[in-house]
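Engineer: If you're matching them up, the sequences are chains R, C, Y and U in order.
Numbered according to our numbering, the first sequence terminates at residue 417, and the numbering increases by one at each position without gaps.
Numbered according to our numbering, the second sequence terminates at residue 417, and the numbering increases by one at each position without gaps.
Numbered according to our numbering, the third sequence terminates at residue 417, and the numbering increases by one at each position without gaps.
Numbered according to our numbering, the fourth sequence terminates at residue 417, and the numbering increases by one at each position without gaps.
Keep in mind the hints are simulated off the structure, nothing from the lab.
All C-beta atoms, glycine included, are put in the ideal place defined by N, C-alpha and C.
Some hints here could point you the wrong way.
Said to hold, decoys possible - Residues from chain Y that face chain U, not an exhaustive set, calculated with beta carbons under 8 angstroms:
| no. | residue |
| --- | --- |
| 1 | Phe162 |
| 2 | Ser297 |
| 3 | Glu311 |
| 4 | Gly382 |
Stated by the list, open to error - Facing chain Y, from chain C, some residues (calculated, C-beta under 7 angstroms):
| no. | residue |
| --- | --- |
| 5 | Tyr223 |
| 6 | Gln330 |
| 7 | Val332 |
| 8 | Gly334 |
| 9 | Tyr362 |
This is what each chain is made of:
Protein chains: 4
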Amino acid sequence: MPHRAPGSPGNSRKNHLSGTPIRYYRPTGGADIRRLIDEGFQAFNAGRLSEACRIFSEKMLDPANNTTIGLTIAGAMTPAGLGGCVIEMMDRGLVDFVIATGANFYHDLHYALNFTLRRGSPFVNDVELYEDGIIRIYDVLFPATVLLETDAYIRDFITRSRLNEAVATSEFHYRLGLDLLERYPGCEEHSVVARAARAGVPLYTSSPGDSSIGMNIAYHELMNDSKFMIDPNKDVNEVCAMVLAGQQNGCVILGGGSPKNFYLQAQPTLWEVYGIPKGGNDYFIQITTDQVVWGGLSGATPAEAVSWGKINPGVLPDTVVAYCDSTIAFPLFCEYAVGSPNGRRPRKELVHQRDRLVADLTREAKAARDKKQVETKA
Amino acid sequence: MPHRAPGSPGNSRKNHLSGTPIRYYRPTGGADIRRLIDEGFQAFNAGRLSEACRIFSEKMLDPANNTTIGLTIAGAMTPAGLGGCVIEMMDRGLVDFVIATGANFYHDLHYALNFTLRRGSPFVNDVELYEDGIIRIYDVLFPATVLLETDAYIRDFITRSRLNEAVATSEFHYRLGLDLLERYPGCEEHSVVARAARAGVPLYTSSPGDSSIGMNIAYHELMNDSKFMIDPNKDVNEVCAMVLAGQQNGCVILGGGSPKNFYLQAQPTLWEVYGIPKGGNDYFIQITTDQVVWGGLSGATPAEAVSWGKINPGVLPDTVVAYCDSTIAFPLFCEYAVGSPNGRRPRKELVHQRDRLVADLTREAKAARDKKQVETKA
Amino acid sequence: MPHRAPGSPGNSRKNHLSGTPIRYYRPTGGADIRRLIDEGFQAFNAGRLSEACRIFSEKMLDPANNTTIGLTIAGAMTPAGLGGCVIEMMDRGLVDFVIATGANFYHDLHYALNFTLRRGSPFVNDVELYEDGIIRIYDVLFPATVLLETDAYIRDFITRSRLNEAVATSEFHYRLGLDLLERYPGCEEHSVVARAARAGVPLYTSSPGDSSIGMNIAYHELMNDSKFMIDPNKDVNEVCAMVLAGQQNGCVILGGGSPKNFYLQAQPTLWEVYGIPKGGNDYFIQITTDQVVWGGLSGATPAEAVSWGKINPGVLPDTVVAYCDSTIAFPLFCEYAVGSPNGRRPRKELVHQRDRLVADLTREAKAARDKKQVETKA
Amino acid sequence: MPHRAPGSPGNSRKNHLSGTPIRYYRPTGGADIRRLIDEGFQAFNAGRLSEACRIFSEKMLDPANNTTIGLTIAGAMTPAGLGGCVIEMMDRGLVDFVIATGANFYHDLHYALNFTLRRGSPFVNDVELYEDGIIRIYDVLFPATVLLETDAYIRDFITRSRLNEAVATSEFHYRLGLDLLERYPGCEEHSVVARAARAGVPLYTSSPGDSSIGMNIAYHELMNDSKFMIDPNKDVNEVCAMVLAGQQNGCVILGGGSPKNFYLQAQPTLWEVYGIPKGGNDYFIQITTDQVVWGGLSGATPAEAVSWGKINPGVLPDTVVAYCDSTIAFPLFCEYAVGSPNGRRPRKELVHQRDRLVADLTREAKAARDKKQVETKA
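Bound conformation, chain R alone (with noise of 0.2 angstroms):
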């Protein structure tokens, strides 16, 4: 077989892409749902699952505790149709920035351009939907033109955006995002990244060389030889600034991997390299698949956590894991949060104070560091 780009016309012996358009489905609080949640999920990872929509509703969103709450996504949320119920959470000041792989934001574009992914099967012929042109994530299906001109509205937007400096992934995010609104009106109905800009979400990246965004701007780079690259310190000292200014932090963790670490990191960054004693979160809700007994951070307990001050040694009780695939339990927990009494906030629209909570932590770790200079000399 000849080296060629799939994504080619090709003959196709099947109609691959008959199912049905795979749409962003918004959660609206249903009480049947409630009512299997609080009665019939009472045990195994049903009762952990609702445990944490307890947690998460009476406690994470009272009012007297103003918990800053971070959302991380691992796993393709976006392209399974997940992307509403993260609209509505932002829109009801449920997360206040959310940490996701790249690829979520990605491909959440693909909804804001009016793409269509379907539901198909994963057991398919993968050589055939590579000589038809046809991309899969496991069961969900597209043409490979998709990413094409996704990929060219990217570049497009990056040379018009006139960026050309280090940036913190949340700027870029959020400049697509205004670009997003100006270009498709209406579009934060169906986009992630559109509606984050919107409502004032900061959205970050943990790997932002690592997918198909990042990709875009290292062409930029080597093409046309901008200076337009991503900093990885900006994502890190803001993500600390906004802990660090939290009354209360809580976090919900989609998956694990690289958006949970870089989201955990954020206390031991405070107590080991800052010198600044914040304490650690007070809430952690994960829903996962992956296991403790691996040994990998996606799987790492609460009680793990406690040992690297990630987490308060007190809190262990509003801490859980549900084991359960996302787009199962996200949709769930959302209907339980959107049903609840607290089920909306004034939204902390994080976006825009961004550069007064980094200039806070400034301040802090130079005061702790004075502090402790004083302290070595005496």
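We have chain R; now place chains C, Y and U onto it with these hints.
Structural biologist: Same frame as chain R, but now just chains C, Y and U:
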């Protein structure tokens, strides 16, 4: 419990640090082990691991193929003592470049700096550990001071290095390795970072902000107004350039996660972004415990990668996934490779070829762009 | 610590039994839940679960197909409160027979006898529980006296029943259910065993010695010289006979394990042992967290079952495996089925058809043997 | 596609049976392997496997402890060629009795009868296999005629044996083994069932109807009006009696499932049903890939078993679970044991002690009952 930094001296009620020190075990190619893998590992994942050993030793290492081999590492492999396997593989020319989570390089520094990590148990009281200033990575235990002193070394190195610009992670790790070799002679026997510098193996991190190394670089920018940062674009382009230059390409994936994705996106970057019809990988070996049915990239099969152009459609027989904890399977795999007739190759020392290879990539990409523009006009 | 029986009164340091009582939740067919499954569960395991719901409700329950439906249960579903789903499904004629581990029927008796199991946590000190006489099933907690009193009821029933011969587990469970209905009127609302007797649904256990029920039957033989025993042959032949009689055949497999195998071996028994060309299952639904790559039967796919003649080669589109904890997926599945237009069927009441069906099997098997002997001679 | 029995001659389009024959690999105690396990397996599951090897070899096999050791096997271990490990362990007196799924003993007979199972791939077309009459167990392939001829042998043996009563599975397997030794001299080198008969190791099946052996016994009852059946009560009482007689007790659990439960219920049977305060296991080793968080018994930890009295509360340090495919971990484990200083023990030959031990159990149980009746009256 008051907020404070763990790592403070505590009144340890138990001696959590009484376990055997973890050392970098070096595979020697034992004949008994090779016999077990050939004759005793016949079916199920034992069969897969046996296949992986043979594909690697007989095909990927076949001098006629001159395969460019990338090793990707997720999961805390250096804390578990697997660094010795990586050192042996680099030294013998059996891997040409490495992509790992930052944590693997960070914790490798403890060995270089002669700190001791110890065998422990995952069933310990983390609140006690927190109070005693002991850090836990699953069942690996060490004092929090190991973190603080390793951080101090990193910050000191950054200052001494006079790095004040945006660089690739390969460049940063190379310079770090040279510093270790100079300051801690002999440490290349027990440090992956040091040995990589000696052996000319580039080390990449796909999530540069996401580890204690990234945290300390971020500190330097915030506190010292440094211009030193990681440029993810350079990493993307260097890896693409090395893959493009390979006569044949193959990978050994430990775990999955962001390092896996970063490696596998090189071929899609070439065709999708740069318009260069390189084709996909010729060989693909993964050792993981993640599962395809959870839908994440870590568990995605070689077949799925075909639809993306990451793996050549004709080579599925030369792809294999063995489902096993890397701490068990990777030492067995290395023993087999080291003991094989192809157990040593000339080293490619790609760290010194990076500029040349990126220039080649730039040339080919520009030629592809020009050709496309001509076609579009025609 | 001296050897003694747990369950002795202890000086409980903590009130482990303060959790909410676990009750048998009954699905009601909520419209919100059906909408979520139809519109929100689009890909990955949510997509699979959605498919499973539609295959079951639209095809397996289609009156035209008159599918004989077996439900198999592994994992501690009755302790987790899932018995209410099973009761609802049996009552509505949506499952025709059940194969479960003995533990599921044993722990169901606690509900019949009005003992209380409670929600707890998996993170408790088991040595404390042991000393306090508390039994733990993952996160379900109850006093050891519940075991002792349930055992006493079983032994008392066995004595009263005057059973003194070898019987099928279906017969034993049927008589047990009748006894419960008589002694504890109304218990069919909170006991699978009692409701099955009322609804005429035969209950089988593939590993009859392997549960507290089996232990107490064994006691009776050893201590009272009883001739009462379970005859596994009868179970094998009854299940074969019911499958043989099905117009169409289908199953819902929760978990996997020995109950899955016991159900699926019916078709191979027919062709391989009895020489009757019945063909395999027409529908196959499994909810499990076990994985095909571990090689066990619990994780084996419908495809693999084709090679054994367990599933018809043409029906793979009507087979689906959803990877999810049954405590989450099964209530959702039942809600969908109960709320569907086919949410009630005439009950087959197979417990009363067993003799007739086994006679039919015997006749066909003998005819097949005679035909084969004629062919062999010819 | 018409209903028919697979196994009919087909026009095979591919030679699915070209793989290497699977043979029973025999561990020899290689020094390289022991060094790897001692020095290279330091953390995570490698660390656990290393611990398991040392607990087994140094404590369970310590002559002073005279531990009665049960081996339980779930998952298709004999098809994968692991029978050689079991043979070696039985021959050296390192396991005293075995509980396995019926399938493991059934497929062992193929080796005894000199049929060939072959290495294959899990990625094959099962409809093709079905049409070609080839049976697949994950990646193990063999003609359906192997089933039919093995079944014929079993039915022939049953007829010749003149068995016409209810017996324990240990008795049935023992007689089967003797028949194999007589008819196929030398087959004890490649048959667990034959070697067990020679070595006096009782073999139990917890789910006697649930395998092709059970199917053929059921055939005999239905078609020939035989009174031969398995009496699960005898199995329960024999295993209880052997456990009761142990100076110390320990187990090696491969997989989990019904065999695990059957072994572990012995101690609860003693205290809960028979009123004998024996205490729980002193040692517990499990090799599995199932996970505690899924709530099933296969994944249940040693800690949970403490609350049931299955494991002694004081011995948790002598319990270990290594999460790994048994096809990889069990050969490594056996190599370590065989090469250890305690690598051979006098065989207990419990198959010949069963009557005596059950008589002892009966005596103790009646004494306990009498004592309790006296106490109740007093």
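Engineer: Taking the least C-beta to C-beta distance, is Phe162/Y closer than 8 angstroms to chain U?
Structural biologist: violated, 10 angstroms
Engineer: Let's test the interface hint: is any C-beta of chain U closer than 8 angstroms to that of Gly382/Y?
Structural biologist: violated, 28 angstroms
Engineer: Hey, does the Val332/C contact hint survive, CB to chain Y under 7 angstroms?
Structural biologist: It holds, given that the least Cβ distance between Val332/C and chain Y is near 5 angstroms, below 7 angstroms.
Engineer: Does the closest beta carbon of chain U sit nearer than 8 angstroms to the beta carbon of Glu311/Y?
Structural biologist: holds, 6 angstroms
Engineer: Please check whether Gln330/C passes as an interface residue: C-beta within 7 angstroms of a C-beta belonging to chain Y.
Structural biologist: Holds - the Cβ of Gln330/C comes within 7 angstroms of chain Y, reaching about 5 angstroms at its closest.
Engineer: Would the hint on Ser297/Y stand, with a C-beta cut-off of 8 angstroms toward chain U?
Structural biologist: holds, 4 angstroms
Engineer: Grab the minimum C-beta distance from Gly334/C to chain Y and call the hint holds if it beats 7 angstroms, violated otherwise.
Structural biologist: holds, 4 angstroms
Engineer: Interface hint check: Tyr223/C, Cβ to nearest Cβ on chain Y, cutoff 7 angstroms. Holds or violated?
Structural biologist: Tyr223/C check fails; min Cβ-Cβ to chain Y is 42 angstroms, beyond 7 angstroms.
Engineer: Against chain Y, run the beta carbon of Tyr362/C and see if the smallest gap drops under 7 angstroms.
Structural biologist: This hint holds: Tyr362/C lies near chain Y, its Cβ roughly 5 angstroms from the closest one there, short of 7 angstroms.
The structure fails to meet hints 1, 4, 5 from the earlier list, while all remaining hints are met.
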